[in-house]
Amino acid sequence: MIMRFLHKFSSPPYFYSISGRLLPWLTVLFLALLAYGLYGGLVTAPADYQQGDSFRIIYVHVPAAWMSMFIYVVMAVSGAIGLIWRIKLAEIVSISSAPIGASFTLLALITGSLWGKPMWGTWWVWDARLTSELILLFLYLGVIGLYSAIEDNRTASRAVAILALVGVVNIPIIHYSVEWWSSLHQGPTVTKFAKPSIHIDMLIPLLVMAGAFKVYYAIALLLRCRNELVQREQGSRWLDEILENK
Amino acid sequence: MTPDSLSKAFFSVVRRDLLLAYRHRAELINPLAFFVMVVTMFPLAVGADVELLRRIAPGVIWVAALLASLLSMDAIFRSDFEDGSLELMVMTPHPLSVLVLAKVTAHWLLSGVPLLLVSPLLAVMFDIESDVISVLLITLLLGTPVLSLIGAIAVALTVGLRKGGVLLAILVLPLYVPVLIFASGAVDAAASGLPVSGQLYMMSAMLFLAITLTPWPTAAALKMSLS
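Chains as they are written, first to last, in our numbering: chain A, 1 to 246; chain B, 1001 to 1227.
Since the hints were derived computationally from the structure, they do not count as laboratory data. Cβ atoms here follow ideal geometry from the backbone N, Cα and C, with glycine treated the same way. One or more of the hints may lead you astray.
[What the hints assert, rightly or not] On the chain B side, residues computed to face chain A include the following (Cβ under 10 Å):
1. Gly1160
2. Ile1170
3. Leu1173
4. Pro1174
5. Pro1178
6. Phe1182
7. Ser1204
8. Leu1207
9. Ile1211
10. Ala1221
11. Ser1225
12. Ser1227
Looking at chain A on its own, in the form it has when it is part of the complex (with noise of 0.2 Å):
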């Protein structure tokens, strides 16, 4: 049942016609959620005793950071359902998704560095943390790079993916040796769910923020993948059909 949901979603033309509907409802939603998330943030959320107002940069920067770590998995997923299946539709998500996750670790980077200055008194200091997320920007720009160097676009796919899944096999072991190298970032202080050391006021806001930005990137994955699979599809007869109805 739900393979064969799979299949029939996989298949360019139903998921053009399906995502070209989606489209709209996901960005109303990620309007209100971005709204909501932004009015509970910047207003109702009360300001740090330590921090001030400056923390309210981790309704940008705390989401930005976890989608920069959500989307390479997706993309390696992707890549290896697309190296083991030969579904294009894998391998243009898993393409498509480099360098949008690009975008949100270099976000991450920006504004982790602009909360930086006001709260530790440097712009950017070698710090665990930072330094695994500037080389998660390495590996995407890796990505991104092998991918824009291989000409054909299926051989290009698979070697991403190769890539991809040794990049996640690697994250870990990158993570936790640059953590043991050097810390002075703050502990994290939401993923402790029984008793999260951050208030309730400001982390309701933060989950919505954090909420707007995965259908952000839903929509712009889908435009991406649309944008890709027209590129691809050049010239096939579903293609057409779609483009001659307009």
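Given the coordinates of chain A, work out where chain B should sit on it, guided by the hints.
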């Protein structure tokens, strides 16, 4: 196929690569000369202060080793790819991952071992104590094979490209980070008289992980580059 023929295939690939390298002896010197020269640049750049040089020496030697192995990496599959012998290797009944491991072994013997032999000399030039030098050698012994094994994946991915050079560096360097951290960490710890067994155990673990896991993606990438 008997296990005997598999090990025979392994060793004949190693032997062939060593023989090929022996016929082009002059090329073997280049990465080594590069290694020594990069290390020489550092005192010229940061000044001849012995204290400072002794402190940064492990990092300098390791970064230079990293770059030298990166530089020699491209040769591991390039000529075989160009003259078609790689295609013949793919077509043999032997699993490609085993042949890949053989090629990486030969490459390490030709590029890693010379670094190992030269680095004590460089370490003496940086005024490192002898027991720290032995730790440096152990980290190089454990670390350089990992560099070759990981680098082989990226070379296999880029071997079909005309301009793979810079891309290779971008793909490989982030993956080298753990080796670099543990190796220079171990040498630093030894220099300040701390125990180093933890770092060395981690490096051994990485070595065995790399030996067991990396031949597969390398083989898959080679097949992709050939298709």
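Results of checking the hints against the structure:
1. Gly1160: With a minimum Cβ separation of about 7 Å from chain A (threshold 10 Å), the hint on B/Gly1160 holds.
2. Ile1170: holds, 5 Å
3. Leu1173: holds, 7 Å
4. Pro1174: holds, 4 Å
5. Pro1178: holds, 4 Å
6. Phe1182: holds, 6 Å
7. Ser1204: Result: violated, 14 Å to nearest chain A Cβ.
8. Leu1207: This interface hint is violated because 12 Å lies over the 10 Å limit.
9. Ile1211: violated, 14 Å
10. Ala1221: holds, 5 Å
11. Ser1225: holds, 8 Å
12. Ser1227: holds, 7 Å
Checked against the numbered hints given earlier, the structure breaks hints 7, 8, 9 and satisfies all the rest.
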